[in-house]
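Here this note's numbering is used: the first residue of the sequence shown is 8, the next is one more, and so on.
Please note: incorrect hints may appear among the correct ones.
Unchecked claim - The calculated lysine-lysine pairs, modelled on DSS-like cross-linking and capped at a C-alpha distance of 27 Å, are:
id, residue 1, residue 2
1, LYS62, LYS355
2, LYS372, LYS548
3, LYS157, LYS249
4, LYS157, LYS355
5, LYS462, LYS548
6, LYS270, LYS105
7, LYS59, LYS97
8, LYS188, LYS249
9, LYS302, LYS351
10, LYS548, LYS559
If you're looking for bench data, these hints aren't it; they were derived computationally from the structure.
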Amino acid sequence: MDIATLREAHPDHWLRAAAIRTLTLDAVAGANSGHSGMPMGMADVATVLFEKHLKFDASAPTWPDRDRFILSAGHGSMLIYSLLYLTGYKEMPLEQIKNFRQMGAKTAGHPENFLLDGVETTTGPLGQGISNAVGFAMAEEALRARFGAKLQNHHTYVMAGDGCLMEGVSQEAIALAGRQKLGKLIVFWDNNNITIDGTVDIADRTNQPMRFKAAGWHVQEIDGHDPDQIDAAIAAAKKSKKPSMIACKTHIALGHAAQDTSKGHGALTNADQLAAAKAAYGVNWGAYEVAADVKAQWEEIGAKGREERAAWEARFEEQSERRQAEFNRVFAGEAPKKLSATIKAFKKQISDEQPKMATRASSQKVLEVINPIMPETIGGSADLTGSNNTLTGDMGVFDETNRKGRYVYYGIREHGMAAAMNGMALHGGIRPYGGTFFCFTDYARPAMRLSALMKIPTTYVMTHDSIGLGEDGPTHQPVEHLAICRATPNTLTIRPADTVETAEAWEIALTAQQTPTVLVLTRQGVPTLRTEHKNSNLVSKGAYVLAEAEGKREAILIATGSEVAIAMEARALLQENGIGTRVVSMPSMELFAEQDEAYRRKVLPAGPVRVGIEAAMRAGGWDRWLLGERGREAKQAFVGMDRFGASAPAEELYEKFGITATNVVAQVKALLG
């Protein structure tokens, strides 16, 4: 690559791009860690995008109608940090660049959305960013249909590398975007042919442009260092009604001794090589320095969207007060005021009627009253709509013919669905939920973890939650999945016992602001246990006394989900034997742990023997509640699973594995001696 030719052909552009490259080299060298090559290779694309196409205002990083820029190849984080600093984001002074990858800095090793407003999504694991971007683009389409192009009309731009495209989730995302014809989604592929282990061809020979074309994308191939080609390609992509992929042929670590090598992917810290690269760029800037005139040019780029933002604000002010309030409400993630009353009325009806039904069916009943009053919900399922019960009659199907539709057929793409839902939540204005079998949290798991890390309220509707699904057998019967969900920080795992608890669980999920919720729901029918109506949301306590002991309290049965009914059966038998027994329903261990100690000790006092009942493994939190928080408060036992399940009717499986009222009674008697 002839650097001199590039410099001479576009001198002003070259210096602006050089600012990204030199800041990257300085920051990575200062941290003695990081990834230099990608920002150096894609600096030209980023410069043209920000200068000529990206709609943004550095002084208003959360402006709702800004274009979204997503760095899917998150290891190249110095690209976005350089751009934020150069364009004048207040949260990115030079001191942050100097503290790259250091404790307490906003410039983390990979971009974190919760640290910087200018970072739209956390993109550490490769493939997540491009998959989130599909959700961003879907949210934009849905909100444009609802509020009009005057308030929502923007693009989502993504920078993805070879690694992003090798990760399997990218195929799910690419196929979904092509099917949905997301014309405002534009992906730049950093086609540098280098991975950590060597050249791409040691592991892959995919024709990426043909792959995107096959999925229904508009595809262009360009020189990723030619600003004229980059500009023309973006302009053409913006005119397409299809999602666009621009294959940018680039040189990793451009201008450095490690250019075009796997060494160029990582930390380039050699001082002599750094100085040589700056000399090749034709600059004599010191460490963390950018020429004043170049910095001024970048700040002009950061301010160019100010006028457009002001025009948007004027259009917003022209809307009715009611429309403005609704727009602000959904972007603030606030539930409508009538949600609480709606849930209370539904609970009262269920307590009166006392139906027996699977909690997956209960969930659909709840959604039937929620979705009409929460137009921001967008639901879906990974090809299990009839099993997850996630569709209600008022929603309509979201596709290229009906952007007002609110139900997405995601296909057999659990991971892609979860990642797209994260993108919708991050975009703002949307409350996404989606369903699959609980066992297939294994496929959705990386995106579910990022929901928690990014502090976004994505709702996962996970049905067929135990051996109770029956004949499909152990491949579909989750036994360890509750433990995994409960072990994940900042995740609410709620396993409701009946329809009333399911309604309360949905209220919690739809009012959460910074926490994803996993709703764990049964296939088999369960009786209504909450027969006495209460306005208060008892699930929000995490655990509560469902039935009190008659006489001296000698045993406490703690159960979740479908096993609460078994606990109630066991209580009846124990009471007949003169053993006073309390039943505690514990739909959410996380919420119970958040209660004050006085409440927790009131629900689980020391003294009585304790038996936990759950059709899952004991791991993942049970010991705290069975042994007691001090580890010595009660004799205890657990009735549940210690192996994989089997293929048989649910009733036979519960008998086979001893998850029965009879066994619970036997365990209590053994503990009492």
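Requested in this report: Check each numbered hint from earlier against the structure, then list the numbers of those it violates in ascending order.
Outcome: 1, 4, 9
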